[in-house]
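Visitor: Quick note, the sequences are listed as chains D and S, same order. Following the working numbering, the numbering of the first sequence begins with 1 at its first residue and continues without gaps. Following the working numbering, the numbering of the second sequence begins with 1 at its first residue and continues without gaps.
Calculated from the structure, these hints are not laboratory results. Each residue gets a CB set at the ideal place from its N, CA and C atoms; glycine is no exception. There could be a bad hint or two in this list.
[Claimed, not checked] Just a sample of chain S residues kept apart from chain D, beta carbon distances all over 10 Å, derived: (1) Met-24; (2) Arg-216; (3) Leu-282.
[Said to hold, decoys possible] Taking lysine-lysine and the DSS-like style, the derived pairs with C-alpha atoms no more than 25 Å apart in a straight line are: (4) Lys-46/D <-> Lys-90/D; (5) Lys-158/S <-> Lys-171/D; (6) Lys-189/D <-> Lys-158/S; (7) Lys-189/D <-> Lys-106/S; (8) Lys-171/D <-> Lys-205/D; (9) Lys-166/D <-> Lys-8/S.
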Amino acid sequence: MSAPSNRITATFDRLRRQGEKALIPYIMAGDPSLAETETLVVALEKAGADLIELGVPFSDPIADGPVIQKAAERALRTGTSLRGILQSVKSLRTKTQVPLILMAYYNTIMAMGEREFCDAAVRAGVDGVIIPDMPPEEADSLQRTSAEKGPCLIFLLAPTSTTARKAEVIKRTSGFIYYVSITGITGAKLRDQDSIKRNVCALQKKAKKPVAVGFGIATPDDARQIAAFSDGVIVGSALVRKIEELQHSPDLIHGVSRFTAGLKAALSGNGSK
Amino acid sequence: MARVPLKKSRFGEYGGQYVPETLMPAITELEHVYAKLRTDRSFQKEFHECLKQYVGRPTPLYFAKQLTRTLGGAKIYLKREDLCHTGAHKINNTVGQALLTKRMKKRRIIAETGAGQHGVAVATIAAMFGLEAEVYMGTEDMARQALNVFRMRLLGAKVTGVDAGSRTLKDAISEAMRDWTTNVRTTHYLLGSVLGAHPYPMMIRDFQSVIGREARRQIMAAEGKLPHCLVACVGGGSNSIGLFYPFIKDARTQMVGVEAGGMGLTSGKHAARFAGGVPGVLHGTMTYLLQDRHGQINGTHSVSAGLDYAAVGPEHAMHHDSGRIHYTSATDQEALEAFDLLSQEEGIIPALESAHAVAEVIKRAPKMKKNEILIMNLSGRGDKDVNQIAQMRGIQL
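Using the sequences provided together with the hints, build the complete structure.
Guide: Below, the structure is given as structure tokens:
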């Protein structure tokens, strides 16, 4: 049922061989504009991003905290749409082969149509999609479509997930498992690393698929500690906040690069152990 | 392909469980707990006892003699949900869910509110059952329903303003879902309408069906026959489905749901999902939504905060497609005229939400025969709207 292997799997394989952990920054596509998103993606890769998540702005993002909500509002104000984002990905593919993953609420995909979305995403060069409001219960139809040519459908697990749900997600996810570190929304504070560690290690043992951890990872220190036991870390709100601060500044690209390089340095120090 | 759980969460193609993974275990727990309680005698007995003693049920089915004479057509009966404790049908559902919260051993409830009627019902029931309550409300709604905000606070609930997006009901629901995601282990989300992920739409319909069961019994006692037509306003759609559901198999009883026409359907400033919407997914459920072609949810407008929402309950979406229920709309202006008419003809000040149903009765009843019966759900009383109406007329209270 997994989508054909692609840049995501290849990247995790390469990192594992090199004893490294994946740095997965999240930015909101279209914040502050799609042109700047394209520049940011190239800069993020240069600064050490191994995979990049592009948020698709949605008017009612129930899984997101205020930082990403506001970023979505900014992106929507400049007219960002899923089709526009796919255009940007297409043009990015002439410049970079970094794995690109969309994080999209289901309604934006449904409005385009599942079949058309999968075709257009793969054609543009999207490798994976994460849909925070589509649990396995609602995934059958999109999964059948994406299983043919892609993109990878990446499922989430949370601290509240039961054993049965974990087994279901392990079976369905392709690319990696997105482990939500906290019972909460994006941008919340990280707590209780021991229990995250226990959960992630248990998952890795069962899944034999990479497990990346997201929600609440804000600093190089957070990243180092979580990467010590996971296959990768996703940094969203902290980076999006940086973009918010610098959106009108000539220092935008430089500042975001520096922040990302700091995260990468923390992971590399860890990976070489 | 294995399913967790088996798919029984749909009304036709609508409904479902589109929520973040973090919430899924709580949704599944709710589904299991409710599946048991639905047929549990002691639960049902406790529920109905509370409806009787605390809510004041059964509410009267009142023959509106003046209005009937003025409109000169069908015999008009009003189901007086405005006489429920707290002044609207909303309390029926909160009693049911509060009892369920206790059975799940959770101590905290959260809720969204638009007009404030659900918020007041939640605050009330939380006080009575000794639960901690937090109510999310868009700041725009807080401004137009200041009285209900104060009532909630008097009852001991925390009211939290939501300043995101359109600052109305849709944003209050999003914020309540975020709170629930964060505090899911200790908190029950007491959703106020037949919206959200399964089992909410079914469960809330069940709790509100007491309206239709009583009305059916009462009209049989009064007239010895079933009504020809039922009319109710449709925001999320809980008062309407509550009245309609027990009649749904009575093929000869017509049903009319009235959405908020706002400033008119062509103005784009309305909340008539069946007039301008297409199927999509919002707040956990697949249903008709007012959205743009990219799937972004549109802003809505209605003079009544309780109807001002971009989605409609999934069960309504199914009945819309099958044609079992007919959906229409009333504009702000029509609702305001209906508000005056009912106040002055019957001495009953309706909620602005219910005034939309009255507006449809004004159009429909004169075209019906004198021996035909129409039941309208008077879902709430209008005290909460008096300030807003005065303001609109330039009167300082």
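Visitor: Now, for every hint given, state plainly whether the structure supports it.
Guide: Hints versus structure:
| no. | hint | result |
| --- | --- | --- |
| 1 | Met-24 | 5 Å, violated |
| 2 | Arg-216 | 35 Å, holds |
| 3 | Leu-282 | 6 Å, violated |
| 4 | Lys-46/D <-> Lys-90/D | 19 Å, holds |
| 5 | Lys-158/S <-> Lys-171/D | 43 Å, violated |
| 6 | Lys-189/D <-> Lys-158/S | 23 Å, holds |
| 7 | Lys-189/D <-> Lys-106/S | 24 Å, holds |
| 8 | Lys-171/D <-> Lys-205/D | 14 Å, holds |
| 9 | Lys-166/D <-> Lys-8/S | 21 Å, holds |
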